[in-house]
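S.K.: Listed below are the residues making up each chain.
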Amino acid sequence: MAVDRAASTDPDALSWYEATARQRVVALADPGSVREFLPPTERRMSPHLPLFDLPRAFDDGIVVARATLDGDPVLIAAQEGRFMGGAFGEVHGAKLVGLLRAALDLKPRAVLILFDTGGVRLQEANAGETAIAETMRAIIEVRAAGIPVIGLIGGRAGCYGGGGLIAGTCSRLAVSEGGRISVSGPEVIETNKGAEEFDSRDRALVWRTMGGKHRRLTGGADAFCADTVAAFRRAALDLIGRAPAFDLATLEAEQARLQDRIARFGDCRDATEIWSRLGVNDPEAVPAMDTDAFDQIVTRIREADHDAR
Amino acid sequence: MTLAEILGSLFPDGHSVTVEDGLVRGTGPFAGGQATVVGIDGDTPLGVDGALTLSRAVLDAVRAGDKAPILVAVDSDSQRMSRRDELLGLNECLAHLAKALLLADLSGHPTVGLIYGHSAAGAFIATALATRVLAALPGANPSVMDLPSVARVTKLPLDRLEEMAKSTPVFAPGLDNMVATGAVHVVLDPDRPLDGQIRDLVAGIQPGDLRDRLGAERGGRPVARDVARAVVDQARLD
Amino acid sequence: MESLTFRHSTKRPLPGAVPSAITGVVASGNLEILLERVLPPDACEIAIATPIAGYGDVWEAVVADFVARAQPGGIRISINDGGARPDTVFLRLLQGARLMEA
Chain A
392 MAVDRAASTD PDALSWYEAT ARQRVVALAD PGSVREFLPP TERRMSPHLP LFDLPRAFDD
452 GIVVARATLD GDPVLIAAQE GRFMGGAFGE VHGAKLVGLL RAALDLKPRA VLILFDTGGV
512 RLQEANAGET AIAETMRAII EVRAAGIPVI GLIGGRAGCY GGGGLIAGTC SRLAVSEGGR
572 ISVSGPEVIE TNKGAEEFDS RDRALVWRTM GGKHRRLTGG ADAFCADTVA AFRRAALDLI
632 GRAPAFDLAT LEAEQARLQD RIARFGDCRD ATEIWSRLGV NDPEAVPAMD TDAFDQIVTR
692 IREADHDAR
Chain B
125 MTLAEILGSL FPDGHSVTVE DGLVRGTGPF AGGQATVVGI DGDTPLGVDG ALTLSRAVLD
185 AVRAGDKAPI LVAVDSDSQR MSRRDELLGL NECLAHLAKA LLLADLSGHP TVGLIYGHSA
245 AGAFIATALA TRVLAALPGA NPSVMDLPSV ARVTKLPLDR LEEMAKSTPV FAPGLDNMVA
305 TGAVHVVLDP DRPLDGQIRD LVAGIQPGDL RDRLGAERGG RPVARDVARA VVDQARLD
Chain C
623 MESLTFRHST KRPLPGAVPS AITGVVASGN LEILLERVLP PDACEIAIAT PIAGYGDVWE
683 AVVADFVARA QPGGIRISIN DGGARPDTVF LRLLQGARLM EA
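Protein chains in written order, with the numbering used here: chain A, 392 to 700; chain B, 125 to 362; chain C, 623 to 724.
A portion of the hints provided could be inaccurate.
To be verified - Listed below are the simulated BS3-like cross-link pairs for lysine-lysine, each with C-alpha atoms no more than 30 Å apart in a straight line: (1) B:279 <-> A:584; (2) B:191 <-> A:498; (3) B:290 <-> B:279.
No lab work stands behind these hints, which were simulated from the structure alone.
With the sequences and hints as input, model every part of the structure.
M.R.: Dropping the structure here:
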């Protein structure tokens with residue numbers, strides 16, 4: 392396999408948000424340990440994009456690789472949010488599905504999925520949607536085999552559409568301020584339901600409703616990271632060590648957790664109301680908080696940490 | 125076929141399946157035991173509340189421990205698009221429903237999807253696409269996005285997209301295209317009793333995820349199977 | 623989509639032994655460049671796929687400048703263009719050559 396030669400990078404200095412998928416993988420893993428499968432030299436490109444007169448990418452917007460993390464073998468997939476919004480096309484999705492199937496064979500310490508996606512690639516919509524369903528089933532099989540699947544979310548495309556559902560099947564999620572997790576994107580809601588329902592130009596509303604802090608406070612994510620590769624690496628190592636089992640008890644606990652959330656916050660119009668009810672003293676101050684201050688808040692929120700996923 | 129006609133054909137001796145706010149739940153006698161039915165009727169969008177109602181029913185079936193079949197009947201809209209749903213973690217709720225169905229499958233319950241109307245996007249993924257075998261009735265209309273919306277997003281003229289859709293099943297809405305990609309395993313015959321057809325499907329359930337193989341054989345996903353296989357092969361070699 | 627291929631002779635091979643490298647991303651105003659050390663040491667080939675047709679002479683000039691400056695002998699270069707400006711292309715080509723020399 393070709394060794395990746397993306398510009399070498401200092402994980403402490405490298406912004407997760409700004410980095411490319413390949414830079415994230417190289418800087419996240421142990422130095423020199425990354426071996427990419429179906430690397431760009433194999434030119435496994437989309438057979439469909441030329442029909443739409445659209446440029447292709449040599450890796451179809453996803454890096455799949457094996458590597459080590461603190462010496463332990465891991466499998467890593469990383470979506471490139473700048474290519475077609477990181478969306479799932481046929482090849483892109485199949486590479487992720489293949490990686491998860493390989494995990495059943497190789498039994499790595501964990502599978503890491505570096506989400507950066509708007510969801511399904513419309514030009515290959517049926518293939519993308521089916522691949523998302525295949526990915527979810529494969530994740531569950533990997534988890535049932537006792538292998539944690541950890542999602543890391545902090546890219547410019549966020550984690551939307553089917554990507555949000557896949558994230559919801561992972562054992563654990565780490566998210567940064569920039570990492571939004573949602574099914575319908577702001578523009579999709581506005582287009583379908585009007586600006587009164589969701590004003591997609593109100594960026595503060597987008598972050599409050601779908602952003603990393605809201606997800607972390609409500610237990611939708613298990614770790615909140617500063618926007619550096621080093622922070623995501625630390626979070627990944629921590630989360631691998633405390634991944635919940637996939638069984639009936641876990642899903643019963645998740646059922647109770649989600650029902651409780653709806654019962655307590657179902658009448659809230661804004662995230663700040665939810666944060667207030669969770670016990671955050673000054674919810675208006677949350678969006679501007681730095682990571683340390685926010686972590687302090689999180690330690691006092693009972694709902695933020697759980698094994699119900 | 126309507127849901128009532130489907131249930132009548134599935135359970136000729138009667139059943140306890142009800143529809144409330146578009147959510148389908150109940151049981152019926154099936155193959156000498158009971159089958160659980162969950163689903164969405166009437167082009168209803170699936171939001172956080174509905175997803176958790178259905179997942180509750182699926183988990184109850186798993187807890188019963190009888191490994192009885194679970195049928196997922198779907199005529200839905202897409203996911204419910206609202207600020208409230210996203211605020212409350214729609215991605216977690218839809219994923220939870222899918223996980224409940226996947227757990228049922230892992231626990232030995234045959235899970236069979238039956239799409240008889242529309243379904244799209246997140247609602248489709250969380251229900252029908254999370255079953256082991258997905259059957260459709262003629263007239264079903266699964267989609268990711270309708271062509272006028274695709275035209276808007278891709279900035280291509282609608283008539284050109286319609287022309288392309290004739291030769292390329294990979295992006296266009298509709299049942300035939302979802303069959304071609306392998307997402308829908310089989311189209312049932314509405315003129316024959318459904319109970320026997322579903323029983324045959326349950327009896328023929330194979331291990332593994334067949335969808336990329338079907339997509340390759342049917343031409344709707346020409347490369348997915350080979351790509352996934354190549355990743356597995358390279359991972360093994362290395 | 624328009625495909626362009628340019629072949630050049632170089633005075634020397636590109637130093638280093640890195641077999642392949644990739645830089646950049648296919649995005650609006652950007653491009654990805656894949657470099658592979660697979661040609662005879664005095665040959666260079668550059669293949670471009672671009673969604674913006676009719677700029678063959680601009681590409682030809684940028685590529686000629688790059689070859690004259692970097693002398694990338696032995697390297698096959700493949701470009702997926704997302705509509706990058708000529709100065710971006712030139713910069714990325716030099717960046718790619720540096721990765722191969724590392």
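S.K.: Confirm or reject each hint.
M.R.: For each hint, the structure was consulted:
1. Of the pairs offered as hints, the one joining residue 279 (chain B) and residue 584 (chain A) holds, with about 22 Å between alpha carbons and a cut-off of 30 Å not exceeded.
2. Using a Cα cut-off of 30 Å, the hinted pair residue 191 (chain B) and residue 498 (chain A) holds, with the two alpha carbons roughly 28 Å apart.
3. This hinted pair checks out: residue 290 (chain B) and residue 279 (chain B) have alpha carbons roughly 19 Å apart, not beyond 30 Å.
This entry satisfies every hint, going by the numbered hints stated previously.
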